[in-house]
Every structure is written in C-alpha cells, then in structure tokens.
Amino acid sequence: MLMKMISPTDQMHHEKRGLSETPIRERAMNEERGRTGRDAMSPHQISDRGRDQRVASLAGKARKPFPQRFNVAAGLLAAALSLAAIAPASAYVAFVSNEKGNTVSVIDTDSWTVTKTIKVGQRPRGIAFTRDGKFVMVAVGDDDTIQVIDAKKMEVVDTLPSGPDPELFAQDAQGKTLYVANENDNTVTVLDLEKRIRIGDVQVGVEPEGMMLSPDGKILICTSETTNMAHFIDTATRKIVANVLVDARPRYAEFKSDGSELWVSAEIGGTVSIIDPAKREVTGKIKFAVPGLRSEAIQPVGIALTKDGKTGFVALGPANRVAVVDGTTHEVKKYLLVGQRVWHMEFTPDEKYLLVTNGVSNDVSVIDVAAQKVIKTIQVGELPWGITIAQP
Amino acid sequence: MGGHVVLGVLARSLIGAVGLVAVATASRAAEPIDIAIGYLGRAGVPQTLSPLDQPAADDGVAGAKLAIEDNNTTGKFLNQRFTLVDRRVKDDEDAAQAANELAAKTGFILADLPADALLKVADSLRGRGITLLNVGATDDRLREQDCRANVIHVAPTRSMLADGLAQYLVWKQWKRWLLVTGSHDKDKLFADALRRAATRFGAKIVEERTFEDTGGARRTDSGVTLIQRQMPVFTQKAPAYDVLVAADESEVFANYLPYRTWDARPVAGSAGLRPASWDPAQDQWGATQLQNRFMKLASRRMDALDMQAWMAVRMVGEAASRTNSGDTKAMSDYLKGPNFTIAAFKGTRLSLRDWNLQLRQPILLADGRMIVSVSPQEGFLHQVSELDTLGVDRPETKCKLQ
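Chains as they are written, first to last, in the numbering used here: chain A, 1 to 392; chain B, 1001 to 1402.
Treat the hints with care, since some could be wrong.
Unchecked claim - Partner residues aside, some chain B positions facing chain A, computed with beta carbon under 7 Å:
| no. | residue |
| --- | --- |
| 1 | 1070 |
| 2 | 1072 |
| 3 | 1073 |
| 4 | 1074 |
| 5 | 1077 |
| 6 | 1079 |
| 7 | 1081 |
| 8 | 1291 |
| 9 | 1343 |
| 10 | 1386 |
Calculated directly from the structure, the hints in this document are not laboratory data.
Every residue, glycine too, gets a C-beta built ideally from N, C-alpha and C.
Take these sequences, add in the hints, and give me the full structure.
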C-alpha cells in the first residue's frame, strides 16, 4: 500500500495542541515564515479565524486618519520645492483588489500599512493605475463593469463600459486605449479611455484572461484559459495574427521590457512557456518542483520581470511560493515562501520591492528584490487578488 | 499588474506579423479537419424521489454539446471542426449494434450505459481502433477485473465517491456511521464501497440496516404523512452514531431520511451530503464561466453527467489540439500517454491512471444547495498524487489492460 496518511488520531492530537492538520513539512515551512498554518482550519479553529478578520477590519477603520497626512503633505508641497526631497525614496502607494471583500486596500510602501479601504463593486480582480496616475481602474466582474477610483479622493468616481464579466485588462502607453478580457463571451473588448466608449471587439478563444501589450504597443497578447492559447492580436487591425498553444489554463502574460521574450503562465499545466515574440513559437518551458509538495499544487499565475530582464518572479498559487527564475537561463533559482494562494504581483517603481497578493491568507507579502527575501506581511481585505502601484 | 512603457519600435516583429498573416490566410483556405464524436446513451431518464433531482431529457448530451462548442472555438484557430453524433438505445435494444453504426462515423464514442452493456460494446469494437469514453458507469469492476484497453473512464468510481465522502466525514470527526442500504444490486455495490472507505480512513460502521424496496410509486398525493411516520421508526434504536450514511442509488428511500431520523443526526451518501464529480452549485475555480455557457445552451445548470460528458469531449478536443491532428490513433495515444492532463474547473489538473485508464479527479461534496467541501481532504497524503487517495490505487488493482 503506497498511500500514506496522517492518522485521524494524530490529527486529533494536533488539534488539541492548537496545531492544524497541515502536512508536517508544510507546517515547518510556515513556522519558518513566522506564521502557523492557520488557514488549514480544523472546525475548532474557525472561530479564531473569524475573530482575526474582525480585528483586521476594525484596524482598517481605525487607521482612517492617514489621508489627512496626505493633506498635510500637499500643504507642504506648496511650500517646499519638491516633495521628493522630503519623502523617503520608497514612498509609493499600492492598490490591492480584494475579490471577496468587494474592497480595494491602499498600502503605503513607506510605513507598509493599509491607509485606506475603498468600497467597490462585486468581485474586484484586475486593477491598474491610469497612465497619468490620477485614477485606478478595477474590473468588478460580477457587476459587468470596470470602476474608476480617483486616486486622491480614494473613492469610486466613474465606470467604464466593459463587456460582461471583465477580469484583466491592458492599456496602451498613451493611456488612450483599454483592452479588456471578457471571460463570459470569448471576446476582447476595446475601449476608448478618453471618450469612455466601446470602439470594437476581437473574438478569441474560450475564457480570455491574461492581457498584455508588447513593449512597442503593436501586439496585444490575450490568453484563453480553456482554449490554452496565447493569441497575438495586431492592435492596428484588431485581428488575430497568431495563436500559440501553451499548457493548460494560461492565466497571465508578461513581456521582457526589450520585447525579446514573452512569458505565459499555465495554472493547471504547472508551467511557464517562454515564447519568442518574433517567431511566435514556444522556445522553452519553465517547470517547477518544490520538495515535499505535490505537483498539482504548483499552479503558476502572476509573473513579474525586472526591467533588465535578468530576473523573473512567478507566483505559484496554492504552492504558497514565489519562484525566482534566472531571466537568461530560465532556471529556477529559489522558492520564496509567501502567504497562502499567491495570485498576482507588482514591483515598486524603483524595483526594490515586489508586492504579492495572497488570496487565502488575506495578506500581501513584500519581497526585497535584491536580497530575494520576504521582509514583510501586510494584512489586507478578504481574498486579495490584483495589485497596482503608482508610477512616480 | 499592467504597467509597461514603450521602449522603441521593433521592426522585426512587424515583418514577422506580415509573414504570419500570409501563412494564416493560406491555412484558412484549406478545408478544416472534421472530427466526429459519438454519444451512445440510454433512451429515457430514471425516476428520482425529489422532483428537483429529475434529470432533463438532454442530461449528459448537453454537456457534450457544450464541449463541442468549446472545442470548435479552439478549433477555428487550428482548422479543426468538431461534431457530435447522438444515438440513444432503448433498454431492449442492442447497444453493440448501435455502437457499430457509430463506429463507422467516428473514432471516439462517449458511452452512458450500464456496466454489462458497456462491456458488450467494448468487446464488439475491439481491434477497430475505436476509443470508448465511459461517462456514466461508476462500477469499480469496469476498472478492475473487467477493465478493457479500449475504454477510458471519465466517470468516477463508486469507491472514489465513497472515499471522497469518507475523508470529509473523518476530517469532521463524524466517525461512527449508521449504514442503511437499499435492496437493489447497485445499492449494495455502493454500500461495499462505503464499507471499504470506512476501513481505509478510520471510520466505524456501528450498525447496518437494509431498506427493502417493496415497490410502489415514488410520489403519491398523500405520501408525506406516511413517510413522516415510517422514517423515525425505521431509524429507531440505533447504537450511538454521528452520521447516517445511506446507499440508495435506486432512489427508493434515502431522500426521505433528512430531518426524519429518530436521532437528530445528519445524513450523507445518497442523500444529504452527496459525493459527485460535479454539482449544479459548483462555481469555484472559474466554473462560473462554464456554468454560464451551459445555462445559455441548456437553460439549466450543469450536473455530474453533463460534466462527465463535457470532460470526455474536451479530452478528445485536447488530444486534437495537442497532436495538431484528427488522426484517431495519434489522439488516443496522446490521451493514454504520460503527457496528457486536462483542466476541468476542479482546482487541479486531471490525468489518467495508466494502469486502468481512470480519470483522476477531485470529488465534490454537495448538499443540494451548496458545495460543502472538495476531497481529497488536506492531510491525506500520497506519494504520487493526492487524487490517488480516492478509489482503488495501483498496488491494489486487479486490472490487466488488454
């Protein structure tokens, strides 16, 4: 008999000692990370978790005074020559969409705290700053729209006419055109951001999701989850010019900043395909293996590549890890333990830090990019999913 | 998310784009490859106790139709065109003959047939390069002593369903079971699987009872009053137990049990908390989109048989796109080979057990309203795949594929 199980009596024992039934190796890793495996709940632990969440939401309210600090800073701006001279180099603002909480958490990257929680529509996922940095767009799938948050007022001020069930989107460099993946009708919707109207759509494969523009803006990549392809769409003609088959359930696409490589993650396939954007074919595949973890748990989603293209970071979903990948050799160098069910990620503009959202543990992990270490965990809303950081 | 700055124009990608447009246009002109998939199902639907469980006339085949649409959306990029050939057999009709008619048109046939009919069909098609995809029969023997090399099993087995349920009940510390079994053969087979699961995962069956099917209509105008008197009495004087587990695939009594047991205890198995490959309430892992597409097509939500048929047709589609061909042999080799996996909105990739061609899959536990849990449960470990904690594992198999 090959099957190994933690016997129910062992399990009981652990629960009595306040531990969960998380497999032993995983628990050791969790402890290393400074947290218990509390999300693998036993029935007796549910009430504890509920309390945690209440505390978290209260804390969110208590921290309201922070926007006032912004007003003070704005006042100072008038007097001082430059805010940059006063503010620490790393003071950016990150917006995190909380899929279940129907909120967006605002993180100050100087204090690493949540300064504001904004109520948005139902099921917020894809989120990005407008190019001018004045607004944050967030796809609220269950409301079939994209909401626009005023980044200063920190409240929803407008909506965009996206198609049904928008999830991820991409905007051109000028901030004039927005491309939205509509999972429900196998379509990419094209929006004019200035006039805020629909100007076209492109039929793609089943369940479009990942959206990314090539650095030169000429090609839009759309990944379709059930068709298992990266569609290359010519942005001038809005026609598909190539379809590249990748592994099962492709969810995210990312270009190297010089346009030399396209990386596409396949959540169920468990790989990242490296595509040559000129030849439009898969030239390599990144595979992942974490000792002690079943291979099905490795589900790559979010990808971030440094501007020099030398390092890639890949979120591995329920494997609770971010893989650090050599951008040149495509070898996995390291696995960083983050929170539970890691989804998406974004660098601070100075590329010192990488912030990743952890869907199940309701927090954001901060990775020190140079040291390749997790340095901080920030509690946010319920089931954080997407993240965007304002460019300076 | 997002955020890219234009760094310059890449002339070569433009040239590449022009070149590929030319290639794509050329291939579009060619005739698409036609891939026909057969569906061999039973005429008529079984009677259920609850009218809400009554299967629709297109139960199963609607799932296959949706997967044909999904395959065609992908197929238009690969110049492949999928069609479904639907054939229903009545109980007194020869399924093997119907299968042979289908085999003239297609290399892949979905089968929703009872075990004996399926075996007859498999043996009559032997050596003809036809692959059967069993979407309906849960019998373990079809994957064990009666396994066939030309049958891929998409439906889970009774032992997988029972193990999925048992893992959750044990996790919940409901380890003392009162097992009530119906008097028909399939009820007894499910009870066998439940007994095996109890032994495997450390539950104890404190007592067994049999509910005799004495015939009679499932619905009557004055039935409830009688049932309300019968069920408490039937479950009276049981030893201390945590959960009543019912084995009633025949739909004779299990759904009468919830809220009517003598002791205030939950019901699981064929009523209450039920294990299944899929459930109309399932909406996790992107299933919302699948359910929406299904609703548009069939005006109802997707049930387990629909999903099993959807997965089977998607497997054929996956084989066609991965091998970039409509060649039956190449496609079936891919499905049975080591590289085959498929996504099916169950949170993990599904693959085939190479020793008996059974699809590995999580088991959903639903109460008729919501998904309560999904097995395998955390803590039940396996050195190859945790999905192999469900059902008969490689070292125990009696299957010799031929």
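We went through each hint and held it up to the structure:
no.: 1; hint: 1070; verdict: 5 Å, holds
no.: 2; hint: 1072; verdict: 10 Å, violated
no.: 3; hint: 1073; verdict: 5 Å, holds
no.: 4; hint: 1074; verdict: 4 Å, holds
no.: 5; hint: 1077; verdict: 4 Å, holds
no.: 6; hint: 1079; verdict: 11 Å, violated
no.: 7; hint: 1081; verdict: 15 Å, violated
no.: 8; hint: 1291; verdict: 10 Å, violated
no.: 9; hint: 1343; verdict: 4 Å, holds
no.: 10; hint: 1386; verdict: 5 Å, holds
Comparing the model with each numbered hint stated earlier shows that hints 2, 6, 7, 8 do not hold.
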